[in-house]
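K.L.:
The residues making up each chain are set out below.
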Amino acid sequence: MADPAPTARVHTPRPRLLDRVGLSVVLLALGCVALVLVGALVYPAFLTPGYILQQLQIASFLGVIATGAMLVILLGEIDLSVPWTITGTAIVVTNLAGSPDGVIADLALPIGLATGAAIGLVNGLGVALFRVPAMVWTLAVNAMLLGAAVFYTGGFKPQGAVPSLATYLALGHTLAIPNAFLLWLALGVTTLWTLHRTVYGTYLYAMGNSQRALFLAGARVRTITVCTFMLAGILSSLGAILLTGYTNQAYQGMGDPYLMPVIAAVVVGGTSILGGSGSYVGTFVGAIFITLLSSILAVMQMSDAARQIIFGAIILAMLLAYRSSEGNAAKAG
Amino acid sequence: MSLLRRNRSLAITVAALAVLFATFIAIHPRGFSTYVLTIWFNQGALLGLAAIAQFFVVLVRGVDLSVGPIIALTNVAASYLLVGSPASIALGVIAVLALGAICGLANGVAVVYGRIQPIVVTLATASMISGLALLLRPTPGGSIDETLSDALTYDFNGVPASAILLAVVLVALYVPLRRSPLGLRMYAIGSSEQSAYMTGVRVGQVKLVAYGASGIFAALTGLYVSMVTLTGDPGIGPAYTLNSIAAVVLGGVALSGGVGSPLGAVVGALILKTISSLMFFSGLPPLAQPFFEGLVLAVAIALGAFGVFQIRNRLELYR
Numbered sequence: 506m507a508d509p510a511p512t513a514r515v516h517t518p519r520p521r522l523l524d525r526v527g528l529s530v531v532l533l534a535l536g537c538v539a540l541v542l543v544g545a546l547v548y549p550a551f552l553t554p555g556y557i558l559q560q561l562q563i564a565s566f567l568g569v570i571a572t573g574a575m576l577v578i579l580l581g582e583i584d585l586s587v588p589w590t591i592t593g594t595a596i597v598v599t600n601l602a603g604s605p606d607g608v609i610a611d612l613a614l615p616i617g618l619a620t621g622a623a624i625g626l627v628n629g630l631g632v633a634l635f636r637v638p639a640m641v642w643t644l645a646v647n648a649m650l651l652g653a654a655v656f657y658t659g660g661f662k663p664q665g666a667v668p669s670l671a672t673y674l675a676l677g678h679t680l681a682i683p684n685a686f687l688l689w690l691a692l693g694v695t696t697l698w699t700l701h702r703t704v705y706g707t708y709l710y711a712m713g714n715s716q717r718a719l720f721l722a723g724a725r726v727r728t729i730t731v732c733t734f735m736l737a738g739i740l741s742s743l744g745a746i747l748l749t750g751y752t753n754q755a756y757q758g759m760g761d762p763y764l765m766p767v768i769a770a771v772v773v774g775g776t777s778i779l780g781g782s783g784s785y786v787g788t789f790v791g792a793i794f795i796t797l798l799s800s801i802l803a804v805m806q807m808s809d810a811a812r813q814i815i816f817g818a819i820i821l822a823m824l825l826a827y828r829s830s831e832g833n834a835a836k837a838g
Numbered sequence: 173m174s175l176l177r178r179n180r181s182l183a184i185t186v187a188a189l190a191v192l193f194a195t196f197i198a199i200h201p202r203g204f205s206t207y208v209l210t211i212w213f214n215q216g217a218l219l220g221l222a223a224i225a226q227f228f229v230v231l232v233r234g235v236d237l238s239v240g241p242i243i244a245l246t247n248v249a250a251s252y253l254l255v256g257s258p259a260s261i262a263l264g265v266i267a268v269l270a271l272g273a274i275c276g277l278a279n280g281v282a283v284v285y286g287r288i289q290p291i292v293v294t295l296a297t298a299s300m301i302s303g304l305a306l307l308l309r310p311t312p313g314g315s316i317d318e319t320l321s322d323a324l325t326y327d328f329n330g331v332p333a334s335a336i337l338l339a340v341v342l343v344a345l346y347v348p349l350r351r352s353p354l355g356l357r358m359y360a361i362g363s364s365e366q367s368a369y370m371t372g373v374r375v376g377q378v379k380l381v382a383y384g385a386s387g388i389f390a391a392l393t394g395l396y397v398s399m400v401t402l403t404g405d406p407g408i409g410p411a412y413t414l415n416s417i418a419a420v421v422l423g424g425v426a427l428s429g430g431v432g433s434p435l436g437a438v439v440g441a442l443i444l445k446t447i448s449s450l451m452f453f454s455g456l457p458p459l460a461q462p463f464f465e466g467l468v469l470a471v472a473i474a475l476g477a478f479g480v481f482q483i484r485n486r487l488e489l490y491r
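Protein chains in written order, with this note's numbering: chain A, 506 to 838; chain S, 173 to 491.
Chain S on its own, in the form it takes in the complex:
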């Protein structure tokens, strides 16, 4: 019970997801089936991984506008590298992840050593990285190894592979974030950079690790995009950047840093995806769907912020 009380906001988000998902299944013309569940999880995993990438940067009090471009770049790189023998595919995966890490670290270096605000740094690098993606592949194309793609986008005995992937990632992240000094230092920096510095945390290095991790998860997203679409497309970036920010906020990650978990970010991403799938099957005219998607997003965010009306002393609103 105390576990529930401590994670009240996360519990509410998960409950919201459950309600949305039940509605989605109820109005889905084919009802509940492994197929529907797999498609839903595949879509959710794409944004979920992107949200984790965004989470790491937001955790250390930044925001990453280059998440989408890194996804596009790694997706494009994967469309060149993920072919041939299993060994060369494995090398390709490593190369793609390394590419993501380099992009993330480049952001981190500009933030830590250049002392420029993260939002501005990633605004500039976003332009450069999407330029690179466009340079590598001006139009969508390329090919991806289909055996690997099939393995990662179908299901094992009724459990979607993407669900397993997300679960593995979340479990693997729990210990380093919540039980290791490195993870706790990230939370500390997000809560108060100055206090963290005073306690002897090497703020710069820890931030670099966070930005690097963000790059790796963006690369994972790029890889998974390749698995789902089987091509490399340089134009997929912008939607991912914006949705990943919306997802982490929905999932209870504070943009002011230091609060939230990858699980929250993934749940936020699943909520966003469910909302747009709901719209698809809702019978609303297709042209009206984007508006309601936006409206639901705005209402969800405003509801999440309803706590401000319970605050008695208005001074607490201002930092």
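This is chain A alone, in the form it adopts within the complex:
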């Protein structure tokens, strides 16, 4: 870093931050390895590169959406409109792509991303301007999106076509590596750079720690909030586009199973739900961990009930493990 002084003032001292971030990531990575080994006992194909690459491909969808969720959580807010942002975008994109007019069909992906930005704008304005708690406001936005989607489609399965670019991104491979994973890697590098090398990133962490201090320091708190929600909306839409490409369709409620895993991925990755602290590497590994966990539970042919119980128990156990190791570190230090 060219000029470490300004960040040092806002962050906690640098080595400590790295230590803590390192810990949850190390625990998580160990967890991932353990999951793969357990999976391999039940289903030997688990250890083949093909299977692992496929898991990374599926994790990319969760990871892209979790990136947006993490930005909002760093701010100290939360976005509960993720499910119907996903479904809404999918409906818009497939509808436009199915249009007989070639120009409109070509615009499907940009308009899909713009849909996410618009939803994010509404989320951000409610939170920044009206000061409504994000948890409630984004919930209301989610309800409106659900209503709009039901009204528009008449409750039927949305018709249309999937843009070929979405299929290419979600299902294609480059040098045997899934394109979706490459896209997620690129997004991850960009996010890391944004979080640690730009003023915006510094503001994000600062705002999660104390909005009041940041406001007094002269930062445009409202603008930052609105921009962050818009970024999160765009990333949810990007995830939705990948999902339509992967499943080759859009359907009602396709985003519903994503809300909890997305938040779980961010939180298991060590980001504080109160905002202001967390590393993107954690979210990255967190998304992989959550994906591995659900796919192993699926491979073991557990009932849905047992899957939910184990899923919840493992997340809780991970968080408790972080807590206790943090406590020990504090005592030792």
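Do not take every clue at face value.
What the hints assert, rightly or not - Pairwise CB distance ranges, derived in the manner of DEER restraints:
id, chain 1, residue 1, chain 2, residue 2, range
1, S, G455, A, L634, 27 to 37 Å
2, S, A411, A, G659, 20 to 30 Å
3, S, T311, A, Q806, 44 to 54 Å
Simulated from the structure, these hints should not be mistaken for laboratory data. Glycine included, C-beta positions come from ideal geometry on N, C-alpha and C.
Given chain A, put chain S in place with the hints provided.
P.N.:
Relative to the frame of chain A, chain S by itself:
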């Protein structure tokens, strides 16, 4: 008059409810009757009890995403336990309430001793509890004692039983919350946990009581769901979680803790239910109703937050 001034925001909410209810009766094809009133109160009582469950956790500066799953689990448990002789039904009710209390306390233990944020704890336990509900009863079914159900879902001399139930609960809660040390400690923790701790409040224990109370009220909701639907359904959870949060906010309970009352939470719940009933009879195309429900909710919340534009010093907006 000073009573009104002190409770201005509650008075506005109650007035809003009155207007909504009058509109509802005006457009209802059957007009005002005990039957309509009973159905309305039954629906309202379901969400009202869930909102009280949410209220207790929000009061001590938490949020409970497992309210819905606890309702589903206790509803499912009730569909096994509420049959047979009056004595066994009574035991069943106690068992269901105890189950709710255990779930609530488990959340509380993870929050207090695990030192994990409430929203994250209840996110994880919500998954576990709805898994349990699904394990007990994979598809909706079971049966509930009909005599008890009839007694609790019809009316006594024109007064809906559910209205009486809500009134009893609210009156019973007033004294412990506003006049007992325990209740005041809950408000104190919500206002400032640190100050409460410094004054000698046993923050952990009081929080545990709040989470336990939340679990009991979620179980009450689950019981009442069984009375209304006469079955156990493991899938009813998610709607209750989200609506209970919306209800407490509409009812003037601050998500930052320490502000609000069970009465506010119940009024918020009744407003939400009236809005969706209004939509049902409004003549809007059925497919457009969910959108307007969401829109009305958003507008109501935004209106409630309109006070921010009267604040002169923007510093006050940021904490």
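K.L.:
Each hint: holds or not?
P.N.:
Quick rundown of the hints versus the structure:
no. : hint                           : verdict
1   : G455(S) to L634(A): 27 to 37 Å : 33 Å, holds
2   : A411(S) to G659(A): 20 to 30 Å : 22 Å, holds
3   : T311(S) to Q806(A): 44 to 54 Å : 19 Å, violated
Consistency note: the structure conflicts with earlier hint 3 alone.
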